[in-house]
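Q: One-letter residues, chain by chain:
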Amino acid sequence: MADPFSAYDVLAKRDTPSWNERTRDVIDKRLALAIAENVLGDTQLATLRVIVARVCPDPPDRPATNTLAMIVRKIAEDEGDGYRPHTLPRTAECWRRGLDAIEDEARLRFNCGFASIEPDQADEILYAVESGKMCSELWGNLSPELFWKWRLLPDLVSSHWAQPSLWSAMGFGGPASPRGYVRLTENRHDPWEASEDAATNSSHALSQDHEE
Amino acid sequence: MSGDITHRAAQWIAGGATLVAGSVLSDSAIEHYRGSFANKAMFLPLGASALSIVHDGNLAARGARTGAVGSWTSGTHAASVGVGAAGLGFHVYNIAKQPGGFSLGNFFYQAPIGAPAALVFAGALGAAAHALSSGASALGPVPLQSGRALAGFTALGLAGTAGEAALLHFRGAYHNPAMWLPVTIPPMAALALARTALTGRVHWVTTASLAATAALGLLGTAFHAYGVSRNMGGWKNWRQNLLAGPPVAAPPAFAGVAIAGLGALLLIRRFSRG
Amino acid sequence: MFTHDGWVPMRDYGEDAVDFVIVGTGAGGGTLACKLAEAGFSVIAMDAGAYWRPLEDFASDEQEQTKLYWTDDRIVDGDDPIHLGANNSGKAVGGSTVHYMMVSLRFRPEWFNSRTKLGYGADWPLEWREMWRYYREAEEALCISGPVRYPWGPQRPRYPYRAHPLNAPARYLARGAEKLGIAWSETPIATLSAPRGKAHPCVYRGFCASGCTTNAKQSVLNTWLPRALAAGAEIRDLAMAGRVETKNGRATGVHYFRNGQWRFQCARNVVVAGYAIETPRLLLNSSSSEFPDGLANSSGMVGKNLMVHLNQSVFGYSGDEIRSYKAPPSLALTEHWNYEDRGKDYHGGWCYMAPGPLPADWARTVSAKGKWGAGLLEEMSRYNHAVGLKMVGEVLPYERNRVSLSEQTDRYGLPIARVTFGFGDNERAMRTHALDFMDRALDAVGVTERWRNEEETAHLMGTARMGEDPATSVVNADCRSWDIPNLWVCDGSVFPTSGGVNPSLTIQALACRTGDRIAELAARGEL
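Protein chains in written order, with our numbering: chain A, 1 to 212; chain B, 213 to 486; chain C, 487 to 1013.
In case anyone wonders, no lab produced these hints; they're calculated from the structure. The structure presented is a predicted model; accordingly, all values stated were derived computationally and were not measured. Accuracy of the hints is not assured; some may be wrong.
Stated by the list, open to error - Using C-beta positions, here's what the derived DEER-type ranges look like: (1) B:Arg-413 <-> C:Lys-665: 57 to 67 Å; (2) A:Asp-78 <-> C:Gly-735: 35 to 45 Å; (3) B:Gly-259 <-> C:Ile-668: 37 to 47 Å; (4) C:Lys-855 <-> A:Glu-93: 20 to 30 Å; (5) B:Ser-283 <-> A:Arg-14: 33 to 43 Å; (6) B:Ala-308 <-> C:Lys-855: 54 to 64 Å; (7) C:Ser-775 <-> A:Leu-108: 51 to 61 Å; (8) A:His-86 <-> C:Trp-937: 25 to 35 Å; (9) C:Ala-854 <-> A:Glu-137: 20 to 30 Å; (10) C:Asp-911 <-> A:Ala-12: 49 to 59 Å; (11) C:Gly-735 <-> A:Glu-137: 21 to 31 Å.
Claimed, not checked - Stretch by stretch, here's where chain B covers chain A in the computed footprint (C-beta under 8 Å, at least three residues): (12) 28–37; (13) 177–186.
Here a beta-carbon is modelled for each residue, glycine too, at the ideal position from N, C-alpha and C.
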């Protein structure tokens, strides 16, 4: 997949008026976040690592992301979102049980740990979690569909799209204070925003049938 | 004696034209930069106003009388008038095709009507100044020497400029009481000047209100510079705030028009004296 | 608040009895704190959240700013369990107005009598003309930027500030409305289009849902509360109320947890303003031998008739670059279907606006249609071309939709809220009509590959409704509880119906009215 904003790096704006002190601090810490130890067992961590890679791959030719470390931190702090279906346990327990069940599912289907199976096989299991077609008894009263929809997917994409590499790859302006934006109308952008590469632009230009 | 006054009046009018053209140059540079120069024609007012500045500034600064107006100079002024008129048409067209059409929101935020009109005004003033200076009695069908036509023209320009300030300061909800100044003093000056144009008599109120308008135009730049600093990030965030804040280059247009008006008064006084 | 490292003096009442203790400092509680303090009462307003200073404490980052949301545990169930947290509740001084979208709309007048005039829902015990005056008070306090002429409803005075320029999504909304032949308007919105005092005008940074770093957003935090402080109110932050104490049929004060210990604040009046989940939770958690079913609950209505708004959307892609991350979302709207009842096979109204999702929010939206892996990454790279329309639609009150207490407890040992919600046929019919219409409006302006996001909801209302009859409502028109004369409720939970517009302005208008009414009652010795 071509990166439509190949010349753009949101981090290059770190020392411009687009970032305030607080934001620099927050993003610096995020980029430096290490995977907390003793939060997950080795197998759980290996399973989570593959899930992150399959569900939220890093954009090619961009600095590696810290998504895995953010999820582990969330589990370590048992951080909630302010709501959960009554059949889902709290964040940490929910993740640990889900990871164990996915590992068990891999062993049942492929006789091999989730971290060691082929990517296609990992995807097959993840699709099965998504649609609730699971065999492992470890799921117990934890619904795979609910786990996927209310825990796994939102946690993963929220952490992944908190990464500057992903902001760059999607052409997002990134942090914006004190400097915001001036040019607000379609097909206009400020010099401190991402420019879209011409080639990908035309492939996106699906409809030009209204005026301008 | 009378020739000296004519020349001095020409210098004042040229000076006014220079200031207006200067305001147009810096304002259109900033505003068309905001518009990313999406249309190549957006460079035209920069060139036209710059040429006007060179020619009119030269006349304003020069002490000696000139001969006949050169074709290069006439061409410059014709270009300013032409580019301004075309810009006016284009800006109106542009507003018409926005969602909402001729709505207040589009007059606030889309291509302004006043700016290209100011370029027309600068070009016409410049042409008049050069014609006066060369001793011509008229510019086309318009008589120059009495100063009354010029006074009427500048009164019109003043009213238009005040109208634009009223519109844009309404957009800013007159959040600062000083924003009322350009919608009170210049209209008074415009009325007084119009009266002078009709009667041919110069009242001290006319002179005083024109002088006040000229001063206000320069003061306005300071106010607008302060206004820019009132935006988030202040002048450190100038790349945004020069565009988002009040236009620093706009108020001198008031000074330019008022100074041209004072030039016209010089001519009128000559007749009322003699 | 308005300068780096700036401080303002604040009164400290200690724990002796004050005239009013208010639990919650959001649109209801914060506004009322200002009104009561300015009327000369001694007021303490407490909030479970922190007293943030936007200029130095707020980052331009979705993840970091989740600190503004109520993320304490709550259980959701029912046929259509709703999303809470970021979506509709705040935990900060200023409440959810610190991260609200600032859309400041008035109710359609008939909605205050929807039972008698329109045949559904319940009547409010209020008259719309009176509310019109209080809307004005709130609009002036928030210095709303809005259009000079508003196309719908009875004429209203000019908004204090002018409307903002439209961003690309708003222009798409406007063009679509024009193509379908309905009116649109710039949205009246509580962010400054010109400087106000020390507050800067909006810089169009687009992080509104993550809190405003510039003070352009006119929230309770930077409008009503500075006034409240100046009038002598105390704001006690990081104070979690656990129980309202009662004795001999009257409230005596509030037990609250602060700095690691439970404390008690005496008060001659208690106002509960915790929004539509924490308000019924606190009333139910305050049950005693005198009030075994919870406070103010002789009608059995505390916690019932929970309403949200339909907040479904249609998205698609344009050939144009849209970049909807710029400027506040919702800069343009149409209230056509709030004021037009012909052609509907359901009750109630809805409006739609032009949303501006930030990356993580957008990733959740795209992934919710079943995208993940390389497909998600690919689709996310088209973010700058995405454009959509999002509705705010009226949900009817049903007693089965409710807030109750779960068996589980939180870190304070308090039973947590269980929020049960399910749509009815009316909501499903409205959703179908709205999504079809918004789909047409996007199609008309060349937006392709459209899809419908059918799950989202927004806002919370109901659960302590006001009314004329003590048997079917919790509070009267003055937001005073029927059962306990010195116990008041002041937030979105008093709404008998939800209307098809964002609720924050109506909550603030109601708080203004309540403040005036309390002052009148006190003057007559009727408190």
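Q: Against each hint, give a clear statement of whether it holds in the structure.
A: For each hint, the structure was consulted:
1. B:Arg-413 <-> C:Lys-665: 57 to 67 Å: holds, 58 Å
2. A:Asp-78 <-> C:Gly-735: 35 to 45 Å: Holds, at about 42 Å.
3. B:Gly-259 <-> C:Ile-668: 37 to 47 Å: holds, 45 Å
4. C:Lys-855 <-> A:Glu-93: 20 to 30 Å: holds, 28 Å
5. B:Ser-283 <-> A:Arg-14: 33 to 43 Å: This hint is violated: roughly 56 Å between Cβ atoms.
6. B:Ala-308 <-> C:Lys-855: 54 to 64 Å: violated, 39 Å
7. C:Ser-775 <-> A:Leu-108: 51 to 61 Å: holds, 55 Å
8. A:His-86 <-> C:Trp-937: 25 to 35 Å: holds, 30 Å
9. C:Ala-854 <-> A:Glu-137: 20 to 30 Å: holds, 29 Å
10. C:Asp-911 <-> A:Ala-12: 49 to 59 Å: holds, 53 Å
11. C:Gly-735 <-> A:Glu-137: 21 to 31 Å: Between C:Gly-735 and A:Glu-137, where Cβ atoms are some 56 Å apart, the hint is violated.
12. 28–37: violated (count 0)
13. 177–186: holds (count 7)
Going through the hint list in order, the structure does not satisfy hints 5, 6, 11 and 12.
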